[in-house]
Structures are given as C-alpha cells and as structure tokens.
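There are 2 protein chains.
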Amino acid sequence: MIPSDKELIKAHERIKHFIHKTPVLKSESINKIAGCRIYFKCENFQKMGAFKMRGASNALLQLSETERHLGVTTHSSGNFGQAVALSAKLSQTKATIIMPNNAPNVKKEAVKGYGASVIECEPTLEARETTANEFVNKTGASFLHPYNCYDVIAGNSTATIELLEQTKNLDSIIAPVGGGGLISGTALAATYFSKAKVYGAEPEGADDAFRSFKKGEIIPMINPNTIADGLRTSLGDKGFEIIQKHVTDIFTCKEDEIIYAMRLIWERMKIIIEPSCAVPLAILLKNKSKFKKQKVGIIITGGNVDLAKLPF
Amino acid sequence: MIPSDKELIKAHERIKHFIHKTPVLKSESINKIAGCRIYFKCENFQKMGAFKMRGASNALLQLSETERHLGVTTHSSGNFGQAVALSAKLSQTKATIIMPNNAPNVKKEAVKGYGASVIECEPTLEARETTANEFVNKTGASFLHPYNCYDVIAGNSTATIELLEQTKNLDSIIAPVGGGGLISGTALAATYFSKAKVYGAEPEGADDAFRSFKKGEIIPMINPNTIADGLRTSLGDKGFEIIQKHVTDIFTCKEDEIIYAMRLIWERMKIIIEPSCAVPLAILLKNKSKFKKQKVGIIITGGNVDLAKLPF
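Which chain is which? The protein sequence lines are B and Z, in order. Residues in the first sequence are numbered consecutively from 16, following this note's numbering. Residues in the second sequence are numbered consecutively from 16, following this note's numbering.
Among the hints, a few may not be true.
The list treats identical chains as one, so a pair stands whether inside a single copy or across any two.
[As the list claims (entries may be wrong)] Simulated crosslink set (PhoX-like; lysine-lysine; CA at most 25 Å straight-line): (1) LYS47 x LYS230; (2) LYS303 x LYS47; (3) LYS301 x LYS21; (4) LYS269 x LYS123; (5) LYS229 x LYS260.
In case anyone wonders, no lab produced these hints; they're calculated from the structure.
Can you build the whole structure from these sequences, using the hints too?
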C-alpha cells in the first residue's frame, strides 16, 4: 500500500543515523539566468554521494535479524548498489551487488570499497533480474529492489521532507525520473506536507515516464540513450501509480540541454553533480515562463561522476 | 606596517557586505586516508569563486570617493582581477584589469562579466607591471596590488578569522603560497587569535617561497612550471616579512601529488577546487606523521577551473 504521511515520518526517524541532513544551496547567478528562485537539495553530499542511501537504508532496516543474517542483494547501475553496500556495512550485514558490466568504474570500485561483493552481468534489465534471482535462490539473501518498493520510496521521500523544512513555501519541486523511486517519494512528501506541485524531468533519450504518463499506462524503455546514466531505468508500477496521482506534469529535454545545465551548476556553484541531476535544471531553463518568479526546489540526486569521462 | 589584531577585525567588519561567510567542510574518508582531522575552509564558495574577494574588497574600500571616481586597476592571472572587478561593480567604481594573454579563458570572461575592461599583456611580471604603470599614469586610476599590500593581506586574513570561529583548537593550518598574500594573512590571524601553527604549501615547480624561507632572503621565481596556476607568482616582500616571523615551515610537493590530492577532493567531497588549493592536502598526505591525529585547517582558495582543461 502507498506509504502514509506517518510512514514517511517514521522512515525519516528510522534512517537518521544512516544519512546526512544535506544542505540546500542557492546560486544568485543561476537564479538570474532562470528568472526564479531555485533551492538545490544537495544529495550529492549524501553518504556514498547520492539520495539512494535514504531508500536503501530504510528498506534494509525493515528486515529482521534472521533475514539480515542471510545477507542482502540488489541489482543496480551503481548508486543504489553503493547505498545497499554502505547500509549493509553500517548494520553488519553481508551485501552482494549485481552490476551491469558497463557501469562506471568509479561506481564498481566504490561498492567494493564498502566491503560488498560484486557480480557482473549483461547490461539489460532481464540479465540483471535473472542473475539476482539465481543468487537469491542459492543463498537465501533478501533482494532489495532499487526503486519498485514502498520502503525505498518512503526512504527517498525524506530528502523532500528535509527540503521542505529547510525552505519556506516552495511553489514547485522538480525531480528527475528514472525508475520512479525518487519522484514518487518526492510527490508523496510534497502532497502530505506542502502545497508545492511536483514535476518530473526526463531526457528525451529515456522518456518512458513521460510517454507512460501521457498514455496512462506503463510503456517500458527500450534502448535508452542518454548521458544521464541514472535515468536509463524503466519506470516501475509502484512509482507509476503515485506519479499518476500526485505528479502535475513530466517534461523532457535534449542531451545538449542536460550538458549545458550540468556545466552551469559545476561552474557557478562549484559542486560536482551527476548528469542525471542536471535534467531538472535543464527542464526549468527550457520552460522559464512556467516557473517565472516561483520558488522552485530541485533535488540534486548525486555526485558520483567518472571524472575520466566528462562531457566537457 | 604589519596589520595589528584590531586592524584584521576592522577589515572583517568593513568587507562583510562584500563577502560570503563560507562553510567549513569535512570528509570522513579523506580523514581516514590522512590520519588526522581536516577542516576545509571553502573559499571556492566565496563570491566570484575565490578568497581574493576578501583582500580586493578591503583594499578598494579604503580608497576615498575621489580616488574611486578615477577608477581602479590591477594585474592578475585571474582571480584577483575578478575580485577587483566584482568589488568595483558592487561599489560603482570603474575597473580595468591587466591580464597575461595565457590566463584561463574562464577567468578573462568572468572579469568582463563583472563589467570590467581587460587589457592583455605578455605573461611576465615585467610586462604586467609596465602595462599597469602606463595605465595608471594615463588615467589616474588607483593600482591595487594582488598580494604585496597590507590591506589585501588584512582582507585575506578574514578567511582564517572565520575558520577559527567555525572550529575549535586547530593544531595546524596549511595554506598555499603564491605571492604570499594569503599565507601572510593566515599567519597573522592564527598568531593573534589561536595557538595553531601555520605551514606553507608550494609546488616544486614554483618553490620560491620555500627557497626564500630557507635562505632568509627573497629568491624570485623564474619560469615557474606547475599546474597550480594561482601559485606561479613570485613572493612579495611584505608577505615574506610576515612569513619569516609567523610561519613555522614551508613544504613542497610534486605535480602528480597535486593532481592526486585534487582528484581526491573532487571525488570524495563533490566540490570543485582549483589545482592551487590541492597543494596543502598534497603536502599533508606527504607528511602524514607530522600531522598525525592533529586538527588541521586547510584553506581551499578557489574553484575557478577551466573545465575544458582538467588534468584527469
């Protein structure tokens, strides 16, 4: 069942020793360019460098001691894997992460750095799921789904709970959409605790949520093609139900618009963000009149970039 | 005369509307690698992206209205030029910046973006000084020296005043040494307001302060060769006098050690810093036993990097 307001608050309480309360940053020069006031919730400064720590730790902390004793596993292109690995380490649990063989090196190394084992597989959703199922059947480990899971969604919502505490009267919040685990948590928290409207942001090259939202049913993403590697995932049904109820609209943008927005944040704010989190700013700059003079929250999802492969 | 404790406090009061109080950040994973506790004073988040805003605004604000009416000028490889340009803009003063023709593009563009004029010259100290003298003689503008000036040193000291307020009982503070304007301000503030020892950090390819400190007289830098472009400048005599009195030691490091430390800060802290500010961490990692278990302050001097020319 979709988590209630009380469950979101409980999740925040549950994970508080596993996460940082990340800062909200502003940039006068970006506000000038955008024509509105932007509040960046900086989950790139989160433990392991991404908001995924929130959902992963909340899901892991709901397992029984017996379950944890058998270990946990997940499949992830990177950040969720790191999040499970670190959450497992912090709670003395063994973690095994299934990763596509084309995941950025920095992410594979980080997972191993947190003491987890890595199993590589082909970079398809099918290969990931098969490999994970085989591992679960063999070991009895608990499978934590990266996004299609209410505990993960509730954990992710806590970034927005904090954002709302750290700001006043936001008009809008924009979050990127990959599997739907962040945007749905964002939408729940915004609906329960504020009057802010929530918008989704997607690359044109991975626009399944946009198309699914417009059609009213899930259209899976086939061959996504975008620099925003965190957003290549197909939308899950649990997130989609919440999106349909609580997200106002979803916008898409082009690759060069993502790179421009990413560079703007790097140069003006001096912070390192992944391409995925530049998508909301790209959307905002493309739809300036819509957000004119508003107070807009943007979730900066993570900062785990392969510095050897920058787009500029 | 070397600024007194009271003059440093006055400078801080004078410039407070021209600067941000920048945050002090920590990184558990870098502390683990270094074997001590490091407090990074993040002047990369300063207005215009560098600590130079402090010294420039303090020097400019000491001019009379008549002097400001004739304009200000300086020569700078970049950050001080931007700092004078922005300070001038904020106080309705005309600024003209003399820049070496090999300065990073991002710095030239930023100076122009703040409404200042740019005059390019050959990349030698002699060419800079001649061009600046000619301009002053022609226009009557006030020349603000980037580092060899007590008002600039007092302004720069305010970063350390804040660092000492934001932390408790630092054992050491490490700052990079270029012209000596930052390290001397750092050393004055640390001497007046704390028990912390101050150390200078230099690249081997621009080690004039190291050699001057050891010999007891200024040995100018000829043909500096380092990625740390902010540290290629030769040491000024005003800064040197303060260094001799109040700096405990100066250490040098190699280029690959600078690049390693820079990458470590980018990857672990998700913040963008110039190569110059990686030098103190490189020094610390090279001399771990010296700083073992200490509380160490490091001045992160700026974040104005040409993203098209990264060393990784």
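Hint check results:
In the homo-oligomer, the alpha carbons of LYS47 and LYS230 never lie at most 25 Å apart, since the shortest distance is 36 Å inside one protomer and 51 Å across protomers. In this assembly of identical chains, LYS303 and LYS47 lie within 25 Å of each other by CA distance solely inside one copy; the values are 11 Å within and 44 Å between copies. Taking the closest pair of Cα atoms, LYS301 and LYS21 never come within 25 Å of each other, the shortest separation being 36 Å inside a single copy and 51 Å across copies. In this assembly of identical chains, LYS269 and LYS123 lie within 25 Å of each other by CA distance neither inside one copy nor across copies; the values are 28 Å within and 29 Å between.
Proximity of LYS229 to LYS260 under the C-alpha cut-off of 25 Å is restricted to the intra-copy arrangement: shortest distance 13 Å within a copy versus 71 Å between copies.
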